[in-house]
Structure formats: structure tokens, C-alpha cells
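S.K.: With the sequences and hints as input, model every part of the structure.
Below, each chain spelled out in residue letters.
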Amino acid sequence: MTENAPATMYRTDEGTGPWEHRGKVAAVGVGHSPTARRWDGRAETCVGAISLIALRRAIEDAGVDPAEIDGLVMDPVTTTGAYWPKGKPVPEEVTSAFNSTDNPLDGIAGLSAEWILKNMPELTGIDFTMYGPGCMSNAICVAAQAVGDGLANTCLVLKSWHNYEGRYYQGGANAGSDLPGTAALHALWGTPACYGTALQFAEYCRKYGKNHDMMAPFIENSRQNGLKFPEGYWASHRPEEITPEDYKAARWIAKPANLFDNDLPIMVSAAYLYTTAERARDMRQKPVYILNHAASNTRPRSLTPTLDEVEADTARTARKIYEGAGITAADLSFENMYDGFAQFHQFHIEGLGYRGMKFGEALDFYQTDISIHGPNPILPSGGNIGCGRSRFWMHTDCIQQIQQRAGERQVTGVKPEVAVSGGPMPLGGRFTVWSATPD
Amino acid sequence: MPKQGVVPDDLTRPFWEAANEHRLVIQSCVACKHLQHPPAPVCRVCGSDTVEWKEMSGRGTIYNYGVVHDCPIRLLQEDQPFNVAVVMLAEDPGIQMYSHLPGTPVDEVPVGAEVEVTFEATANGQMVPEWRVVGSSGEGGEPA
Ligand SMILES: [Zn+2]
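From first to last, the protein sequence lines stand for chains W and A.
Last residue of the first sequence: number 439 in my numbering, and the count goes up by one each step with no gaps.
Last residue of the second sequence: number 144 in my numbering, and the count goes up by one each step with no gaps.
Read the hints as simulated data drawn from the structure, not as lab findings.
Zero decoy hints are in this set.
Have a look at the derived ranges for each label pair, beta carbon to beta carbon:
no., chain 1, residue 1, chain 2, residue 2, range
1, W, D308, A, V7, 30 to 36 Å
2, A, W53, W, T8, 31 to 37 Å
3, W, P89, A, D10, 33 to 39 Å
4, W, D308, A, A123, 32 to 38 Å
5, A, V111, W, E245, 28 to 34 Å
6, A, E17, W, T124, 57 to 63 Å
7, W, E3, A, K33, 36 to 42 Å
Being a predicted model, the structure only gives us computed values, none of them experimental.
From the three backbone atoms N, C-alpha and C, an ideal C-beta is built for every residue, glycine too.
M.R.: Set out below in C-alpha cells:
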């Protein structure tokens with residue numbers, strides 16, 4: 001059985017100096033599945049099937065013999081809010097299309113490493129599997145550390161998402177008549193997922209004299225960048241821009257968070273291939289070196305993080321990111337911090353001090369040229385707002401930008417040399433520093 | 001607004017039993033006096049497993065709020081939009097509690113205003129602490 005990565009694989013402490021494997025691990029392959037709004041019930045589109053597509057594309061992209069791959073790091077959980085209805089039969093035509101595990105919903109409503117290995121017979125050399133649960137942001141930290149530590153030499157990293165019919169988050173306990181006592185302390189008041197971030201944003205606006213409309217250029221830019229991401233949901237299915245007028249007119253979800261401050265749940269899978277810097281040299285793609293990974297384990301004191309807690313933690317996270325990578329904010333060619341929800345992106349980049357930014361300044365910065373063609377790109381991936389809910393576009397984009405193969409999305413106002421990506425939330429996030437060179 | 005019922009679990013039973021007696025209690029560390037909410041098996045500051053429940057004055061201040069227009073809980077959807085405020089307790093502003101602020105009009109939440117605790121019944125009769133702006137004359141609290 002595959003286990004969760006031990007806490008020691010994440011770099012959560014300040015003051016530990018440069019990462020011991022700085023520049024010695026590299027990303028060399030990227031593979032994405034097609035996207036879909038929801039699962040259509042067919043075997044070839046289930047979350048297991050799209051994961052196989054992403055993995056095989058990453059292997060192909062790197063130009064590696066599958067038999068040489070010895071590691072697999074992934075997240076076994078493939079949703080945060082789309083639940084398989086209680087008592088609904090598992091479709092036989094889907095399970096019979098694959099080699100199954102003990103869990104009949106494996107590959108449909110979740111994904112184990114065992115399911116992947118049973119269905120990718122070409123992976124004959126895997127002797128290391130580990131879970132980095134939560135997001136791709138977690139899994140790639142675990143993979144980087146695993147390759148650095150020598151637990152694996154050539155390691156696949158995978159994150160997949162399923163989505164079903166029906167409203168996200170509205171099944172499970174939320175549809176029931178009562179709640180267990182501990183959950184009730186949070187959940188009785190009916191707050192949507194974006195509520196906590198909306199609260200922080202409200203406090204931010206009061207403290208710094210900003211307003212919701214000032215987010216419009218960020219949202220517009222994110223969708224524009226996302227429409228240049230051919231792997232993304234919006235680019236492939238609904239090439240719709242979000243104008244400032246669209247944004248300002250959108251309905252509220254939890255005011256001050258509206259529809260476009262939220263992202264769209266989709267089906268998607270992405271895989272990367274990580275290896276040692278040494279091994280990366282003779283692979284098909286230009287290696288993108290990992291200078292550091294960093295993590296926050298901070299929890300709020302009470303029910304929901306205050307702005308003070310968020311700002312203290314993003315500043316702490318930035319110190320960890322820079323210290324371990326041996327860089328400063330001035331070294332960042334661009335930033336690709338997480339955006340689902342849009343209203344915490346500014347916390348991430350203010351903490352980083354991106355382009356000298358201080359707390360309270362990001363929304364003013366959004367009113368300047370933040371495009372991929374200017375000197376100060378903001379979220380060139382387009383993130384979840386631009387591409388749909390995956391929590392990984394920013395990582396793929398960092399790799400592709402630094403490899404100079406981001407296509408229409410390629411940054412032109414800066415030389416793509418060093419970048420940072422990560423998330424999800426400011427508190428509890430996981431972050432990676434990417435570089436064109438190992439030093 | 002009819003909230004979902006509550007089935008107390010071991011960790012939170014003292015909180016819910018006190019609510020049924022119209023008392024607000026918060027977990028407190030015997031060793032270091034730290035208050036914590038949500039409760040935990042041990043003190044999150046000093047790690048002591050000797051924690052007790054302390055009765056609060058039931059006074060607080062509105063720290064922040066949002067207005068929920070698209071609620072994931074079916075039972076509350078017919079009452080959209082509604083306020084959800086965050087109250088800071090008078091004893092320790094680091095301790096937060098959510099509130100629908102019965103009696104306060106939607107999106108007219110006075111941030112910084114004083115509030116006092118009230119108790120209302122959830123769908124299964126379990127009482128839950130709610131909060132009302134001090135001096136507000138609106139309806140709310142325990143349904144008639
Ligand atoms: Zn203590």
C-alpha cells in the first residue's frame with residue numbers, strides 16, 4: 001500500500017539555509033489530459049483513464065523509456081466537492097474496462113497508485129510510490145525531495161480531478177438534515193468555500209482602502225492568459241474572455257466574492273516527469289531545475305484566518321522560499337502563485353514582495369501592465385480562473401515558460417529564468433522555485 | 001433560519017450541552033490558560049491534555065462579515081441572501097464564532113459593533129449560540 005509522504009519531506013521551517021538538493025532535481029516532461037466539464041460516464045473518460053493519458057504524454061514528452069521510471073508520486077483524492085452518490089451502483093462497463101483494485105470506485109471517484117500501476121503495464125521498474133495529498137503543489141514537493149534524497153531517480157508526479165453532474169459541494173453532509181458536532185461549529189452557517197477568502201478580502205479592502213472592482217484587470221488578464229493555454233478548459237471548450245464589465249456585473253457567491261472570483265470545477269489530469277539534474281541532461285526537453293520547495297503548516301487560531309494571520313504567513317513563506325532557493329525577489333522573472341480563489345492571489349504576491357510590492361499594493365499593481373508582454377507578468381498561466389479548476393496550471397506554465405515552449409502564452413517582456421509557483425491557500429500552501437539553470 | 005440539526009460528538013459535547021442550558025462555554029487549557037475554538041483534544045499552544053470548558057460572558061464584537069448568496073447547504077438556500085458575520089469574544093478577540101446576526105438586515109452589518117449571545121434551536125432541537133447586535137430590536141433568537 002502506498003503511504004502519505006511523512007511531514008519531514010516538506011520544508012516547513014525557516015532558517016534551514018539553502019535546500020540540500022538545490023539545482024540537483026529537474027522537471028523534464030509534461031503531460032496533460034483533455035479537459036471536460038463533467039464526467040460523461042464512459043470508461044475512456046473516467047478520472048483513471050485521463051490520468052493514464054497524462055502520464056503517457058509526460059513520458060513521451062520527456063523521451064524516456066517507461067521501463068526506466070522507478071517512482072510515482074500522486075494524490076489519491078480527485079475532488080474536493082464532487083461526491084459519488086451514496087448507494088449509486090458502480091458502472092460495470094467502466095470497471096470491466098480496467099484492471100481493478102479492492103476499491104470499486106478506484107479510477108472513478110479517486111485514484112490509488114496501485115490502480116495506476118495495474119493499468120500501466122509498461123511501468124515495469126517502479127519501486128517507489130508515495131502520496132503527496134492535497135494538490136499538485138504538494139505532490140511535486142514530495143517528488144522533488146524524493147528524487148533529491150535518492151528514493152527515486154526518474155519519478156512521475158500525477159494530479160487528477162473528477163467532476164460529476166450536479167452542483168459542486170452540494171452533496172454529502174451539505175444535503176443532510178444534521179451534522180456532527182465538530183463539523184457543525186464551522187458548517188451550520190452555510191458558508192460557501194470562498195467565504196473565508198472573501199472575508200480576508202473584505203478586511204483587506206477596509207484596511208487599505210481598495211475595492212472589488214480593482215480586481216477586474218487581474219481577472220481579465222487571467223482569462224486572456226488562460227485562453228492561450230491550449231490544454232486549459234476555457235481555451236478548448238469555451239473561448240470566452242471576461243471583460244471588466246462582465247466581472248463587475250457577475251452575481252455574488254459570498255459577497256465580496258462573485259462568480260468570477262471562483263473557478264469552474266472540471267475533469268483534468270496532469271503529470272510531470274522529475275529526475276536528477278545529471279539524468280536530465282540527455283532527455284528530450286530542456287531541464288527545468290528545482291531550486292527549492294517550501295511549505296506552510298500554519299493554522300488559523302480560530303475558525304477562519306484573519307488578515308494579520310495571512311500576511312504574517314505569506315511573509316514567512318516568502319522568506320522560506322527565497323532562503324532555500326538562494327534567491328531574492330529581484331531574481332523572479334515572473335510569478336505563478338495560485339488563484340482559486342482569485343481574491344487570495346494578492347496575498348501570495350505581496351508576501352513574495354514581487355516587484356517590490358508591499359502589503360496593500362497588489363490591487364494598484366493590477367491597474368498597470370501585468371500582461372505576458374510587459375515587464376511585470378502576473379500569473380502567465382491564467383491559473384484556475386483562466387483554465388479551470390486544477391490547481392496545477394501554474395506549475396505547468398513555469399516549466400513551459402522556462403523551456404521557452406509556452407507558445408502564444410510565452411512571456412516576451414522578461415527573460416524566463418527563475419519563477420515561483422504554489423498554493424493553494426496562503427496558510428498551508430506548498431511552493432516550488434523553478435530555474436533555467438541549476439545554480 | 002432553520003439550521004441543520006447537530007449531533008454532538010465527544011470533542012464538542014460540553015459545548016452543545018451548555019448551549020442547551022443557554023450558556024456559552026469555550027475550551028480552556030488548565031496549564032497555560034489559552035482559550036481555543038474549535039476545541040481540540042490537547043492545547044494547541046502548550047500541548048497539555050488537561051483542558052476544561054470555561055463559561056464566557058456572551059459579549060463580543062463583530063470582526064468581519066460576508067453575505068452568502070449561493071449556499072451549499074440545502075436547508076438554508078431558501079433564506080438566501082443572508083449575513084454570516086464573524087464575532088470576536090470579549091474575553092479573547094482571537095476566539096471567533098460565526099453568526100447569522102438575527103435582526104440585522106442583509107449587508108447592513110455594523111463591523112466593530114457590540115453583540116451579545118442568544119440561543120436558537122436547530123432542526124433537531126439542539127440549541128446553538130447565535131449573536132444579536134446590542135440594542136438592535138430585530139427578531140431572531142429562539143423561534144416562537
Ligand atoms: Zn496550554
